[in-house]
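Protein chains in written order, with full-length UniProt numbering: chain A, 1 to 351; chain B, 1 to 351; chain C, 1 to 351; chain D, 1 to 351.
Keep in mind the hints are simulated off the structure, nothing from the lab. Some hints here could point you the wrong way.
Note that identical chains are pooled: a pair holds if it fits in a single copy or bridges any two copies.
Computed cross-link-like contacts, EDC-like style, restricted to lysine to aspartate or glutamate with a CA-CA straight-line distance of at most 16 Å [unchecked claim]:
1. Lys304 - Asp172
2. Lys304 - Asp47
3. Lys70 - Glu156
4. Lys304 - Asp13
4 protein chains.
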Amino acid sequence: MVVVMAPGATPADVEAVVHLVQSAGGQAFVSRGLSRTIVGLVGDVADFEALNLGSLPGVLQVIRVSVPFKLVSREHHPARSVIRVGGVPIGPGTLTVIAGPCAVESPEQTLEAARLARSAGASMLRGGAFKPRTSPYSYQGLGEEGLRILAEVRAETGLPVVTEVIDPGSVDMVASYADMLQIGARNMQNFALLQAVGSAGKPVLLKRGFSATIEEWLSAAEYIAQRGNLDIVLCERGIRTFETATRNTLDISAVPVAQRLSHLPVIVDPSHSGGRRDLVVPLTRAAIAVGADGLLIDVHPEPKLALCDGDQALAESDIQEITEIVASLPSVMGRMLTLPAGDSGRIHAVV
Amino acid sequence: MVVVMAPGATPADVEAVVHLVQSAGGQAFVSRGLSRTIVGLVGDVADFEALNLGSLPGVLQVIRVSVPFKLVSREHHPARSVIRVGGVPIGPGTLTVIAGPCAVESPEQTLEAARLARSAGASMLRGGAFKPRTSPYSYQGLGEEGLRILAEVRAETGLPVVTEVIDPGSVDMVASYADMLQIGARNMQNFALLQAVGSAGKPVLLKRGFSATIEEWLSAAEYIAQRGNLDIVLCERGIRTFETATRNTLDISAVPVAQRLSHLPVIVDPSHSGGRRDLVVPLTRAAIAVGADGLLIDVHPEPKLALCDGDQALAESDIQEITEIVASLPSVMGRMLTLPAGDSGRIHAVV
Amino acid sequence: MVVVMAPGATPADVEAVVHLVQSAGGQAFVSRGLSRTIVGLVGDVADFEALNLGSLPGVLQVIRVSVPFKLVSREHHPARSVIRVGGVPIGPGTLTVIAGPCAVESPEQTLEAARLARSAGASMLRGGAFKPRTSPYSYQGLGEEGLRILAEVRAETGLPVVTEVIDPGSVDMVASYADMLQIGARNMQNFALLQAVGSAGKPVLLKRGFSATIEEWLSAAEYIAQRGNLDIVLCERGIRTFETATRNTLDISAVPVAQRLSHLPVIVDPSHSGGRRDLVVPLTRAAIAVGADGLLIDVHPEPKLALCDGDQALAESDIQEITEIVASLPSVMGRMLTLPAGDSGRIHAVV
Amino acid sequence: MVVVMAPGATPADVEAVVHLVQSAGGQAFVSRGLSRTIVGLVGDVADFEALNLGSLPGVLQVIRVSVPFKLVSREHHPARSVIRVGGVPIGPGTLTVIAGPCAVESPEQTLEAARLARSAGASMLRGGAFKPRTSPYSYQGLGEEGLRILAEVRAETGLPVVTEVIDPGSVDMVASYADMLQIGARNMQNFALLQAVGSAGKPVLLKRGFSATIEEWLSAAEYIAQRGNLDIVLCERGIRTFETATRNTLDISAVPVAQRLSHLPVIVDPSHSGGRRDLVVPLTRAAIAVGADGLLIDVHPEPKLALCDGDQALAESDIQEITEIVASLPSVMGRMLTLPAGDSGRIHAVV
């Protein structure tokens with residue numbers, strides 16, 4: 001930590017900072033500048049934070065220079081991690097596609113969407129049974145009935161299932177159906193929920209909050225990791241900016257930045273980022289090229305009948321383009337497309 | 001709703017929109033412009049949303065022109081509401097100050113903070129027992145022990161208590177101690193929690209998410225209202241912008257805008273907005289002058305020992321200025337300072 | 001300045017930083033932390049910036065801890081400045097209202113607007129002859145003809161005139177008509193223009209860019225000051241955020257923050273901030289209460305005929321409310337309303 | 001345009017809107033909804049804007065549904081344009097790399113940077129002689145001397161030159177040296193400058209303002225086009241958001257969105273977006289994959305000696321990776337790397 005003294009700070013003010021830091025077991029090094037004196041602190045940041053140094057007379061600013069997360073940091077775990085979900089790897093070396101409908105609406109719709117997902121190169125199925133919607137008058141999902149449908153479709157297709165959980169009280173129930181638990185963007189700082197999924201014994205897909213900094217995103221992952229669960233996949237899905245041409249602004253730089261700070265895999269959701277079907281293909285290409293470890297894509301057998309986010313879901317007619325991209329582009333990046341269980345390379349063969 | 005057709009839309013495309021709307025029981029009026037054709041829809045918006053009109057060929061854009069909330073809207077409830085918390089009114093005509101420590105740390109600290117709060121003109125006590133913190137390594141609060149302390153201090157001071165709830169599973173427990181339940185900014189779209197407090201039988205203080213639009217904020221209030229609870233007070237506490245000189249940017253305009261859209265009271269938190277002690281006084285004045293119905297202010301007997309947000313808490317030496325402002329400025333706005341139970345006007349007399 | 005070393009930085013990396021700083025005539029103090037080593041630099045920041053320390057091996061981050069402006073800073077000039085425009089003071093102790101039409105359209109409209117401005121408490125007239133508009137198809141102003149009209153209306157009313165300048169090549173021409181030159185928000189970082197007005201010998205009204213940090217705003221003022229002109233008034237007019245309910249978000253906190261960093265006066269434009277007539281009155285009250293030194297308000301005799309920003313201009317029917325606010329609220333803040341030349345206190349008397 | 005009436009609007013209010021529109025030569029179609037009445041307007045938008053419909057009683061909102069630009073729009077010019085700069089094409093079918101130093105510092109540094117640029121696959125040289133810097137104490141460029149150096153290096157290397165112009169008064173002088181004029185992000189809404197480059201007879205590189213919407217960016221291009229110059233290349237270079245891990249947030253979606261709205265080529269600046277050397281390579285890959293028509297990359301023979309933005313400039317050791325990417329990735333997108341004049345395919349051959 002660095003304490004910046006105000007221009008008018010007295011020697012006694014500086015001394016008080018040094019004394020307080022030392023009394024907390026730390027060391028303080030003073031650099032007297034022409035217009036500013038700064039004090040560098042050595043010791044445990046958590047101890048220093050409790051000192052409220054910013055409240056002392058003559059203190060202008062307190063700057064933290066280390067990151068507020070440890071378990072998910074790459075500092076002590078330099079190798080990037082591979083997370084396995086029902087046998088499917090997500091991490092360096094592969095490109096893993098997760099696809100499916102935004103919301104589970106019926107067995108037929110979900111099975112048909114899973115078929116589309118597979119033909120788009122997916123080795124995992126996504127689908128929402130509990131939908132957090134901005135308006136209470138929007139479709140809220142099928143609940144546990146939706147989870148049963150997902151489990152049936154998994155049995156039929158062999159695709160492991162990721163689905164969102166929105167309430168700490170239902171984490172165990174959702175975990176009994178799902179292979180991976182998704183924390184949605186709006187719940188990224190729902191700490192009770194993060195702690196609950198940290199203890200649920202299933203891998204977690206942690207979406208970045210649409211207004212969360214990368215550091216806050218990794219701190220949210222740290223909440224999960226603290227409960228003993230390091231099987232976490234980060235998902236960039238667009239941030240909120242002033243631009244209204246797209247629903248959110250895909251922060252493509254967040255992929256290499258997060259991969260540099262954390263050993264966890266980072267995937268991209270090109271569907272929710274833009275919120276527009278015509279952007280899914282170019283953003284999918286960009287995500288693979290920037291180095292993402294995977295993709296999360298909305299598909300729906302009939303987008304115009306979708307109960308949720310139909311404007312962005314890919315339909316059968318759009319799938320061929322995705323199939324070709326995920327079959328060819330990963331190799332340029334030194335990655336292999338992850339094939340679904342039981343697949344003998346059909347997708348590669350097609351292209 | 002308005003459907004804007006793309007420049008190249010064919011008459012058949014327009015006809016398809018009209019047909020679909022009519023089949024859903026609505027009416028559609030077509031205006032053919034020079035470069036755009038638009039279709040105005042009359043009927044139930046929820047029905048139209050399910051049509052995914054944006055997915056139809058030739059459709060450029062679908063614009064919603066009505067608001068997505070009803071119960072909290074002023075359209076059907078033009079008079080502004082007064083909410084009562086343990087006998088204390090919040091609403092038009094009064095200015096109600098809620099003050100207290102960011103976190104409950106001990107009985108002594110809380111009682112002393114309550115004394116400061118009262119002398120600052122507060123008629124309600126705030127204090128956190130469950131603290132949602134960005135980092136899992138920051139202080140997380142005393143939990144139920146903190147609630148017991150708050151209840152004791154209420155007994156001693158007569159100040160009703162508002163405290164944050166962060167988990168649907170503990171709403172009933174928290175409600176058994178508190179007079180008002182606070183939903184923090186990070187949980188504004190934690191819909192399971194909103195529904196839980198909607199059923200808890202206590203008034204709710206709903207902080208605006210730091211990246212929520214005013215419309216999303218009111219939609220979150222609608223989730224609470226839908227469960228039968230209209231005793232909701234909205235609290236503006238700063239939004240996230242590019243500016244780093246302040247922790248958040250107080251959106252002072254949000255007060256009149258929200259009061260125009262909704263009948264619910266709107267208060268301002270000048271402490272968390274700026275995150276700086278030196279801004280609390282000017283932002284308090286601005287909040288009263290813009291027409292806020294109340295204030296939520298951090299006070300602490302010894303800010304430099306505070307376990308949470310000590311940089312922004314007012315100490316005893318700062319209180320006199322607040323006391324004078326809340327005693328004099330509300331009358332300029334045609335409001336009266338709400339006095340605490342048992343107070344016979346001492347504060348007014350002091351000034 | 002502070003140099004933060006990366007976790008894996010070697011002693012040689014640290015030594016290289018120290019050596020480079022010393023070779024540039026500075027001093028470097030090393031603090032070795034548990035997870036980070038930091039180096040505090042003492043000397044001239046401009047010299048250090050040229051070293052590109054961020055490019056050295058093992059350097060994680062370079063943090064500047066002093067502000068990048070000097071002449072406009074309060075560090076070396078603690079007393080707040082009063083700027084005089086045609087005899088009218090702007091600064092501490094007074095509240096100065098500048099009002100007038102967004103665009104000068106005709107002699108009659110401008111004179112009538114000036115009459116409204118005066119009755120609203122204004123002691124200066126604003127009016128645009130050169131209008132920077134987002135679209136080239138919007139009204140661009142009358143040009144020099146508009147300046148002649150402003151000069152005539154000044155002669156008739158005694159109100160000094162502020163008007164916008166948008167091209168370095170026409171600064172001298174505009175300065176020959178105007179009492180004060182306005183730099184609009186879009187031109188806040190048009191450095192050629194800043195330098196031109198710095199040499200023009202007239203006071204300058206510097207609007208904050210709608211995406212400029214407060215530090216960038218003050219750095220822009222420094223460009224003007226460097227040319228020898230310290231007669232600068234800063235104007236907060238709303239920043240761009242994700243919120244769309246208002247045209248911009250008035251950053252009310254920017255007033256006390258800028259006043260603390262700089263000795264220059266800071267005024268507020270409540271008209272352009274919200275872009276809505278119904279917000280002008282509450283934002284005017286908030287601006288006065290937060291401590292602004294003045295106001296810049298759009299008025300128009302017939303807003304529905306205005307060629308520019310008619311949606312936010314106050315009409316005759318709205319003026320009475322402003323008149324009452326500026327007559328009564330400044331005294332609460334220990335300020336006096338600045339009266340126009342030749343005014344014997346009529347406005348105060350009215351209320 | 002669409003006029004949305006407020007809930008309490010009377011039939012007379014609606015009639016007034018219809019009447020006003022008709023009197024301006026337009027047509028108005030009324031759709032009466034359950035909670036809202038909307039009026040669709042047919043005619044010339046510019047005429048309607050002058051009506052200030054938002055000021056009429058009972059009007060809640062006026063929504064523009066057509067775009068405010070024409071000449072640069074794809075509506076009337078569906079084929080995407082190819083712009084030629086000194087014989088070098090920028091547009092669909094090719095990927096054109098422009099590289100060079102942020103600032104021209106000396107003949108040697110510029111020539112060496114041009115050599116690096118060529119080996120990185122560049123067919124054009126960038127370099128700044130006039131540098132718009134946030135602080136007046138930062139390096140401001142060599143001015144006309146820098147332009148002479150650029151012209152000499154062009155003569156030696158055959159690479160056409162793009163350089164920034166910051167003052168309308170020096171446009172002709174800069175145009176006498178440069179092959180293409182760059183408008184920097186801070187000047188995107190410097191309309192006097194846009195008009196000057198529109199008349200200068202040279203192609204223009206228009207950077208997106210860091211807080212400009214895509215629509216505002218295209219409106220700025222329209223200012224240039226209005227003066228008869230349609231040789232415009234758009235450059236996305238990152239927008240300002242709340243995220244501080246990168247200097248700006250590269251809005252990768254802006255590339256396909258702008259290409260869909262406008263026929264002009266769109267290139268990406270991966271250097272200024274992130275402001276970090278380690279992000280240039282991944283963002284370069286993402287830009288090519290998303291479909292950009294070119295790249296603008298900072299290179300410097302010795303970044304740690306650079307007088308401007310040394311933290312992001314690529315050095316010789318980084319070039320090989322860029323060379324490989326631009327040699328191989330464009331073909332995946334159906335594009336060919338544009339080769340410099342006199343190059344017989346060396347770069348392709350190397351890889």
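Tested hints:
| no. | hint | result |
| --- | --- | --- |
| 1 | Lys304 - Asp172 | neither (34 Å within a copy, 42 Å between copies) |
| 2 | Lys304 - Asp47 | between (56 Å within a copy, 13 Å between copies) |
| 3 | Lys70 - Glu156 | neither (40 Å within a copy, 43 Å between copies) |
| 4 | Lys304 - Asp13 | between (66 Å within a copy, 14 Å between copies) |
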